[in-house]
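**Q** Here is what each chain is made of, one letter per residue.
2 protein chains.
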Amino acid sequence: MTQVSNKQILASGYITGNPKQTDMYLKSSTISLQLSEELASDAVLVKNLILSCDPYMRGTKRTDRNSLFYSFSPHSPIVGYGVCKVLESKHPKFKKGELVWGVTKWEEYSIITKTESLIKIEHTDVPISYYTGVLGMPGMTAYAGFYEVGVPKKGDYVFISSAFGAVGQLVGQLAKLMGCYVVGSAGSKYKVDILKSKFGFDEAFNYKEEQDLDATLKKYFHEGIDIYFDNVGGDMLEAALVNMRRRGRIVAAGMISQYELDEPQGIKNLVNIIYKQIKVDAFTVYDYYHLYPKFLDTILPYIREGKITYVEDIAKGLESGPAALEAMFTGKSAGKQVILVAHE
Amino acid sequence: MTQVSNKQILASGYITGNPKQTDMYLKSSTISLQLSEELASDAVLVKNLILSCDPYMRGTKRTDRNSLFYSFSPHSPIVGYGVCKVLESKHPKFKKGELVWGVTKWEEYSIITKTESLIKIEHTDVPISYYTGVLGMPGMTAYAGFYEVGVPKKGDYVFISSAFGAVGQLVGQLAKLMGCYVVGSAGSKYKVDILKSKFGFDEAFNYKEEQDLDATLKKYFHEGIDIYFDNVGGDMLEAALVNMRRRGRIVAAGMISQYELDEPQGIKNLVNIIYKQIKVDAFTVYDYYHLYPKFLDTILPYIREGKITYVEDIAKGLESGPAALEAMFTGKSAGKQVILVAHE
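Each protein sequence line maps, in turn, to chains A and B.
When we follow our numbering, the leftmost residue of the first sequence carries the number 284, and every step to the right adds one.
When we follow our numbering, the leftmost residue of the second sequence carries the number 284, and every step to the right adds one.
The set of hints was computed from the structure by calculation and includes no laboratory data.
Please note that the accuracy of each hint is not assured.
[Unchecked claim] Distance ranges between label pairs, derived from CB positions: (1) B:ASP495 <-> A:GLY438: 46 to 54 Å; (2) B:TYR575 <-> A:ASP518: 53 to 61 Å; (3) B:ARG529 <-> A:LEU309: 31 to 39 Å.
[Stated by the list, open to error] To give an idea of the interface, some chain B residues facing chain A are shown, with a C-beta separation under 7 Å as derived from the structure: (4) ALA535; (5) GLN541; (6) PRO547; (7) GLY549; (8) ILE550; (9) LYS551; (10) LEU553; (11) ILE556; (12) GLN560; (13) ILE561; (14) LYS562; (15) VAL563; (16) ASP564; (17) ALA565; (18) THR567; (19) VAL568.
Using N, Cα and C, we set each Cβ at its ideal position, and we do this for glycine too.
Put together the whole structure using the sequences plus the hints.
**A** Quick look at the structure:
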């Protein structure tokens with residue numbers, strides 16, 4: 284069988300915590316562009332077009348039990364979400380030439396044998412990279428977290444931390460479309476400006492410039508917070524707990540401030556959940572994938588009508604992957620971080 | 284109008300934290316056993332038969348915003364749940380001679396003008412004191428917390444702290460009836476024995492005798508915990524967070540270990556909710572009162588058939604109220620603490 288060149292990004296070893304460029308390396312391998320007989324009857328051969336950098340792509344300490352996070356396998360390609368073109372398929376749901384999104388590998392061509400996550404892309408009048416973000420897993424996380432877990436009402440007071448992230452920017456816009464008051468926090472003046480000017484947040488602040496987060500939240504939320512969409516945990520969660528309203532909802536999407544600590548920070552204000560009957564739900568988006576068609580029906584018209592804006596930071600070429608992933612973890616990406624591997 | 288004697292238990296002053304006997308005093312007052320013209324059109328005059336001691340009856344620091352807890356009013360009667368006989372009624376739903384349960388005052392006779400909480404007692408083949416416990420607000424808390432918030436399945440691993448309390452003992456029995464594995468913690472050997480022998484818990488332990496709660500929970504839950512019904516918070520919550528299974532549910536009914544602290548304890552293991560997609564819901568029972576008829580349909584047959592057992596500690600006479608309330612807070616009550624004011 285004819286072999287073609289297949290560049291790959293591999294993990295150098297086990298990675299603990301946030302990956303750095305130097306934890307990965309590029310290798311040129313070869314692959315046959317045909318599916319062999321021995322492969323499972325639903326295997327799919329794809330060409331990877333877009334790869335996604337997401338905050339869950341950090342190494343788990345191997346002692347963690349039951350952890351959701353990612354385990355990097357030494358000298359194996361990085362695994363992550365992507366948009367792919369089907370070249371060959373044994374799977375009845377996917378045909379040659381179709382576009383899909385789901386879990387793939389950081390390489391030019393992949394044979395996907397675990398096909399459960401793959402979803403066919405039906406609408407290509409929007410950039411296909413959106414299926415790694417606003418129309419993909421982060422978008423579903425925002426949608427399920429805000430509507431299903433947050434249970435918002437018009438007029439609710441909504442606070443979003445890490446609001447410039449792929450999830451946060453969508454949550455804020457969905458909240459504005461519902462008629463909520465929306466404040467976001469982010470880590471630079473650039474991000475704060477875009478939250479207000481482009482995403483329509485009522486207010487936004489740079490948490491790095493605030494001395495007293497409790498006072499900051501009191502300044503923006505005189506009446507308290509109904510929904511806190513938490514991506515960071517730690518000090519921001521402490522401050523939010525004090526400022527929640529009765530029967531508030533904390534949508535616990537992440538605690539990125541805690542993962543790198545040897546011992547996580549104690550949250551002293553947790554007792555407020557009792558005083559104020561608060562729900563804290565670290566939901567999993569996978570429980571809500573049955574809503575994906577409804578999600579698309581909601582979000583696609585908003586995107587086409589310009590009611591939802593989405594900002595990407597597109598790194599060009601598979602080689603740029605390691606730097607792009609590090610940039611996302613260090614807050615340097617100027618939007619949802621993706622890697623453009625091939626145009627078609 | 285004829286006045287009769289009306290003994291009352293009054294708060295000596297503002298009470299902060301767990302009330303002590305000395306925070307209350309007995310006074311003999313008088314009352315007219317007729318409803319005057321000026322009273323609201325739904326006022327009810329009742330004779331208090333049973334009064335209830337419940338863990339929410341502790342004084343809030345007056346600086347707390349939005350707090351659920353109780354504010355004692357100096358030189359006013361203690362307010363709490365009770366079972367009462369209607370002597371006079373302007374309310375269309377309640378008639379002279381009927382029994383009701385709901386929020387009343389610690390005195391022989393009360394005029395109730397806030398009647399929203401009153402529910403007519405339809406079934407008197409069980410002890411009427413049960414309507415302050417297993418058939419009243421604590422029972423509804425157990426029922427809503429376990430079924431609606433905990434979302435249990437047969438075979439689930441269930442842990443209940445303060446399992447001997449009015450809520451905990453019912454949660455454990457409901458969980459056993461559903462086919463769950465149930466472990467409870469309590470604060471004395473007597474309570475631990477009753478949990479196992481009378482309430483049918485699979486295991487129970489005295490938390491005061493355990494050195495390492497994480498190890499204790501690992502001993503009883505090899506596979507981890509699906510539902511933690513938390514009444515205590517603090518160290519037990521820390522240990523439970525480490526031992527929860529993926530997608531576990533923490534039913535946050537109370538954090539009694541924290542209320543007396545000047546500064547609440549930091550909960551370091553909260554980040555586990557992200558790693559394991561855990562829901563922590565400090566629900567309010569008042570959101571579930573529409574289920575009260577369904578609750579009675581479930582619980583009453585269990586009680587009549589002896590499938591649910593219920594233990595009360597009955598203090599005799601209104602005068603015994605202050606000591607009974609203190610006993611409940613210091614863990615000395617030998618069952619759900621009630622006060623028998625009058626037989627009929």
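**Q** For each hint, tell me whether it holds in the structure or not.
**A** Results of checking the hints against the structure:
no.: 1; hint: B:ASP495 <-> A:GLY438: 46 to 54 Å; in the structure: holds, 48 Å
no.: 2; hint: B:TYR575 <-> A:ASP518: 53 to 61 Å; in the structure: violated, 42 Å
no.: 3; hint: B:ARG529 <-> A:LEU309: 31 to 39 Å; in the structure: holds, 35 Å
no.: 4; hint: ALA535; in the structure: holds, 6 Å
no.: 5; hint: GLN541; in the structure: holds, 5 Å
no.: 6; hint: PRO547; in the structure: holds, 5 Å
no.: 7; hint: GLY549; in the structure: holds, 2 Å
no.: 8; hint: ILE550; in the structure: holds, 5 Å
no.: 9; hint: LYS551; in the structure: holds, 5 Å
no.: 10; hint: LEU553; in the structure: holds, 5 Å
no.: 11; hint: ILE556; in the structure: holds, 4 Å
no.: 12; hint: GLN560; in the structure: holds, 4 Å
no.: 13; hint: ILE561; in the structure: holds, 5 Å
no.: 14; hint: LYS562; in the structure: holds, 5 Å
no.: 15; hint: VAL563; in the structure: holds, 4 Å
no.: 16; hint: ASP564; in the structure: holds, 4 Å
no.: 17; hint: ALA565; in the structure: holds, 4 Å
no.: 18; hint: THR567; in the structure: holds, 4 Å
no.: 19; hint: VAL568; in the structure: violated, 9 Å
In terms of the numbered hints stated before, the structure departs from hints 2, 19, listed from lowest to highest.
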